[in-house]
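Engineer: The residues making up each chain are set out below.
There are 2 protein chains.
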Amino acid sequence: MTCVERAPAESYDLEKIFNPKRVAIVGVSSNGMGFGSAILSALIAIGFEGKMYPVNPKGGEFLGLKIYKEVSEIPDEIDFAIISVPASNVPAALDACRKKGAAGAEILSAGFRETATPEGIALEEEILEEARKGIRVIGPNCFGIYCPKSGLTLLPGPDLSRESGEVAFLSQSGGMAIDFGQIGTWMGVRFSKVVSFGNGVDLRECELLDYFGDDPETSVIAMYVEGVEKGSNFFSVLREVAEKKPVIVYKGGLSDAGSKAVKSHTASMGGSERIWKAVLRQCNAVQVHGLEEMAEASLTFSLVPPRSYEGISVVGGGGALGVAACDVAETYGLKLPVLEEKISDRIMSILPKPGSSAFNPVDVANPLVSPQILKDTLLFAAEDDKIDLQILIQLLYHYKSLAMALGAASVKDVTPYRELADSVEEVVDKTGKPVIIVLPNNKRELQSMDLEEMIRDARDIFLKKKIPVFDDLFDALRAVHHVSKYYAIKQRRWKEL
Amino acid sequence: MTCVERAPAESYDLEKIFNPKRVAIVGVSSNGMGFGSAILSALIAIGFEGKMYPVNPKGGEFLGLKIYKEVSEIPDEIDFAIISVPASNVPAALDACRKKGAAGAEILSAGFRETATPEGIALEEEILEEARKGIRVIGPNCFGIYCPKSGLTLLPGPDLSRESGEVAFLSQSGGMAIDFGQIGTWMGVRFSKVVSFGNGVDLRECELLDYFGDDPETSVIAMYVEGVEKGSNFFSVLREVAEKKPVIVYKGGLSDAGSKAVKSHTASMGGSERIWKAVLRQCNAVQVHGLEEMAEASLTFSLVPPRSYEGISVVGGGGALGVAACDVAETYGLKLPVLEEKISDRIMSILPKPGSSAFNPVDVANPLVSPQILKDTLLFAAEDDKIDLQILIQLLYHYKSLAMALGAASVKDVTPYRELADSVEEVVDKTGKPVIIVLPNNKRELQSMDLEEMIRDARDIFLKKKIPVFDDLFDALRAVHHVSKYYAIKQRRWKEL
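Chains A and B are the protein sequences, given in the same order. For the first sequence, the working numbering begins at 1 and goes up steadily by one. For the second sequence, the working numbering begins at 498 and goes up steadily by one.
Calculated directly from the structure, the hints in this document are not laboratory data. Some hints could be false.
Some chain A residues judged to face chain B by a derived CB distance under 8 Å, without partners named [to be verified]:
| hint | residue |
| --- | --- |
| 1 | P156 |
| 2 | G175 |
| 3 | G252 |
| 4 | V323 |
| 5 | D327 |
| 6 | G355 |
| 7 | S401 |
| 8 | K443 |
| 9 | D457 |
| 10 | F474 |
Okay, derived cross-link-like pairs now, DSBU-like style, lysine-lysine, Cα gap no bigger than 35 Å in a straight line [said to hold, decoys possible]:
| hint | chain 1 | residue 1 | chain 2 | residue 2 |
| --- | --- | --- | --- | --- |
| 11 | A | K353 | B | K513 |
| 12 | A | K490 | A | K464 |
| 13 | A | K16 | B | K850 |
Each residue gets a CB set at the ideal place from its N, CA and C atoms; glycine is no exception.
From just these sequences and the hints, can you work out the full model?
Structural biologist: Shown next, in the form of structure tokens:
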């Protein structure tokens with residue numbers, strides 16, 4: 001289903017927009033200043049492989065590329081345009097790009113409806129008219145499109161990952177789009193497509209959501225939304241798409257003050273917290289309240305098998321951590337079932353004593369317990385039918401003392417995180433039950449950069465094996481809750497049909 | 498007021514315990530294994546300046562110190578003892594230390610009431626009998642005392658800060674004590690005294706809280722509690738102490754499952770969430786739900802002037818951040834009042850355009866705006882009577898692109914965070930209104946260690962100027978909420994008297 005009457009989405013249009021071969025960048029100055037030059041540099045830095053045609057009335061050259069004085073001078077058809085010229089020049093630029101064959105354009109320029117001036121509003125109307133002539137518009141007042149497969153990137157996104165993944169993100173706010181791209185990059189979220197659509201004069205939440213719902217490259221959809229154009233249309237598309245794949249929604253401006261701030265940001269109308277919460281629940285959309293929570297949920301949805309997880313085991317050192325695990329799990333409606341006695345006994349037989357306990361959470365007593373023992377603990381615990389998913393907390397920073405005591409050159413040399421990653425991978429393969437790793441870092445002072453580096457290296461190694469990694473047990477449990485709840489409701493609704 | 502009948506706290510006793518000149522460490526083995534050797538190494542590493550007398554029946558030497566075969570062989574009186582011998586030998590060791598003049602002893606050994614065995618319970622009774630003869634006991638099943646002034650440290654705390662501060666922490670859990678000491682170290686929390694009291698056979702929450710209430714070195718008290726011995730006594734002490742200074746309480750085991758986990762951890766009885774919440778509110782204690790939240794509240798209480806903060810200004814780049822700021826502020830009952838028009842206009846006159854806005858939140862549009870402009874923005878905003886406290890968000894990681902564009906050797910060379918710290922200090926001095934800094938890091942991949950290092954360096958520079966630093970706007974607003982609410986209630990109650 002589509003929800004915009006004026007211009008039904010033809011999927012080949014959007015394909016051409018996400019994967020252009022020939023791109024005009026209108027508004028590149030040869031001195032390197034401004035958004036146009038920044039986006040061109042970013043495209044080169046990220047390794048966009050298509051042809052790039054910079055345009056500026058002054059001509060010249062930038063980063064070895066000839067700058068054309070007019071769009072019409074480009075000696076080729078174009079597929080897509082990136083426009084960054086003063087607001088009043090945007091309609092003409094758009095017209096020129098359409099005539100060159102562009103299927104779409106992203107407009108980075110600001111100065112339209114969000115200014116709440118008659119001039120700004122009129123200019124935005126002109127853009128819409130241009131769009132209706134046959135060019136899809138992303139923006140204005142946006143940071144554009146990031147598509148790792150084709151090498152399109154956001155402003156200012158020269159260092160986003162080129163690795164493609166299954167998560168699509170759509171956002172009114174350009175700042176949120178680049179923030180989410182950056183957070184995703186280190187956290188291990190990999191994207192199919194990211195679209196920042198700003199004022200959303202043409203393409204916006206409704207049609208994009210519908211497109212991602214059918215996009216075979218996308219299995220998880222995340223979105224930051226400040227306000228929607230047509231509430232009832234949006235919610236019917238959301239319900240339909242959320243039946244196919246998880247849709248994670250971060251709604252900004254739910255408070256009174258936030259709702260006012262939305263107006264001067266992306267010129268949208270908000271809506272009350274109560275209504276949004278109720279409607280998102282009805283649609284089985286996953287509601288989150290921050291970017292990191294959204295990234296954590298996206299990561300978990302994309303890496304663990306699609307099902308509901310009732311019983312969790314938590315394995316790690318420190319009794320108080322176990323207490324906290326229980327408290328947080330209960331907050332999120334997750335269970336940490338007591339392990340069967342014979343399984344507990346087997347685990348206890350391999351753990352150091354005193355100080356350990358093996359009911360669940362399993363307290364391994366000593367943060368330096370070997371990967372072999374942790375592997376066996378996880379294997380034993382997985383034999384309990386009540387356990388669907390396991391969380392392993394590893395306080396790797398404690399190896400620093402060992403490194404100092406042994407006079408090791410580097411803490412990496414004495415910390416068996418590579419072996420641990422192999423062990424955990426083996427556990428997941430053998431048991432079919434996912435394991436999530438938590439790598440907290442309580443030693444974040446300037447003098448302990450070596451620990452930070454090691455923990456990041458460990459994170460990357462686990463992620464390469466498709467094992468989700470978190471900094472914090474609370475965040476891990478919250479993410480599991482989101483996944484679990486989504487599939488539980490989905491399953492229940494299927495049964496009811 | 499004191500709440501333990503059997504042994505009224507004489508404050509000189511505790512002073513001697515926190516600042517001992519001569520310490521026996523009972524249970525140090527010459528091969529360096531075990532808790533006794535670990536704590537002795539930690540004392541040496543942190544630079545404890547008193548005399549240390551290791552004891553072990555086998556004698557020998559460790560780290561250049563002679564190991565005495567018996568406590569009675571120590572050629573001196575002792576002030577304090579650290580005991581780490583098998584549970585069954587603890588009562589005799591305690592007796593010997595008392596006879597040598599020790600005012601107190603911390604017992605690191607486990608194997609007592611927390612095992613729920615008749616032997617463990619009986620041994621703990623014996624310890625209590627020894628204590629009654631005239632030696633104060635911390636523990637058993639604890640990680641001991643950290644006192645930066647004297648150089649006593651926790652197990653395993655060789656690298657905690659030697660800088661003294663105003664925050665006291667008491668905890669049943671040893672793990673929570675060392676975690677909080679470590680988190681505090683990087684976050685900038687500085688401690689007067691930290692006590693991990695484990696099973697709490699003698700000294701525990703009630704008496705320690707009372708002591709910290711009168712301790713001139715302590716202005717903020719934080720505590721992790723799993724269960725209390727005598728509820729009514731504890732709450733009357735808590736109410737009394739919270740009238741004098743802020744008491745931040747993290748109650749573990751509020752859930753059903755958590756409450757069960759508490760039993761096998763520190764052998765305490767929990768209590769329901771509803772009751773705890775109500776009682777903590779009545780006492781005007783500050784309830785938190787995690788260690789980082791507790792550290793953030795402690796930091797803010799210790800660095801901003803003691804008063805309630807109604808109106809907050811938020812200054813930073815990115816419109817969506819402003820929307821989020823409003824949403825979160827409202828959640829915490831804080832206001833972001835719209836700035837007076839003439840102030841807004843003055844701010845707009847110095848900000849880059851387009852993209853900026855100056856109602857509050859103030860969107861500076863560009864993350865590379867100079868410290869001079871940020872200083873003036875903060876100075877102007879502070880002129881509004883509705884503003885009591887300001888939050889400045891700085892996305893320092895954006896300077897990486899500038900460093901790359903300029904071909905700078907290091908991102909530190911182009912990022913003006915030292916100038917910014919000077920500017921912010923000047924603003925605080927001139928306006929008398931505190932400023933809190935938020936330094937998010939969205940680029941936490943392995944390849945960006947330089948950004949992490951720079952942000953940690955910036956954090957330390959701000960902290961040296963007594964300016965609180967947070968990673969995250971949400972956390973900063975939550976901490977301000979805790980401070981503000983505590984003083985608002987305190988003030989209201991004073992008026993009612």
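Engineer: For each hint, tell me whether it holds in the structure or not.
Structural biologist: Structure-based check of all given hints:
With a least beta-carbon distance of about 6 Å to chain B, the hint placing P156(A) at the interface is held under the 8 Å criterion. Checking G175(A) against chain B by beta carbon gives a least distance of about 4 Å; that is within 8 Å, so the hint holds. Annotation: interface hint on G252(A) holds; nearest CB of chain B at approximately 4 Å, less than 8 Å. For the restraint placing V323(A) at the interface with chain B, the shortest Cβ-Cβ distance is roughly 4 Å, inside the 8 Å limit, so the hint holds.
The beta carbon of D327(A) comes within 4 Å of a beta carbon in chain B, closer than 8 Å, and the hint placing it at the interface holds. Because the beta carbon of G355(A) sits about 6 Å from the nearest beta carbon in chain B, less than 8 Å, this interface hint is met. Annotation: interface hint on S401(A) holds; nearest CB of chain B at approximately 6 Å, less than 8 Å. Look at K443(A): its Cβ gets to within about 6 Å of chain B, closer than 8 Å, so that hint holds up.
The beta carbon of D457(A) comes within 6 Å of a beta carbon in chain B, closer than 8 Å, and the hint placing it at the interface holds. This hint holds: F474(A) has a C-beta 7 Å from the nearest C-beta of chain B, less than the 8 Å allowed. Straight-line distance between C-alpha atoms of K353(A) and K513(B) comes to about 33 Å, which keeps the hinted pair within the 35 Å bound. Taking the CA atoms of K490(A) and K464(A), the gap is about 29 Å. The hint holds against a cut of 35 Å.
The straight-line distance between the Cα atoms of K16(A) and K850(B) is roughly 33 Å, inside the 35 Å bound, and the hint therefore holds.
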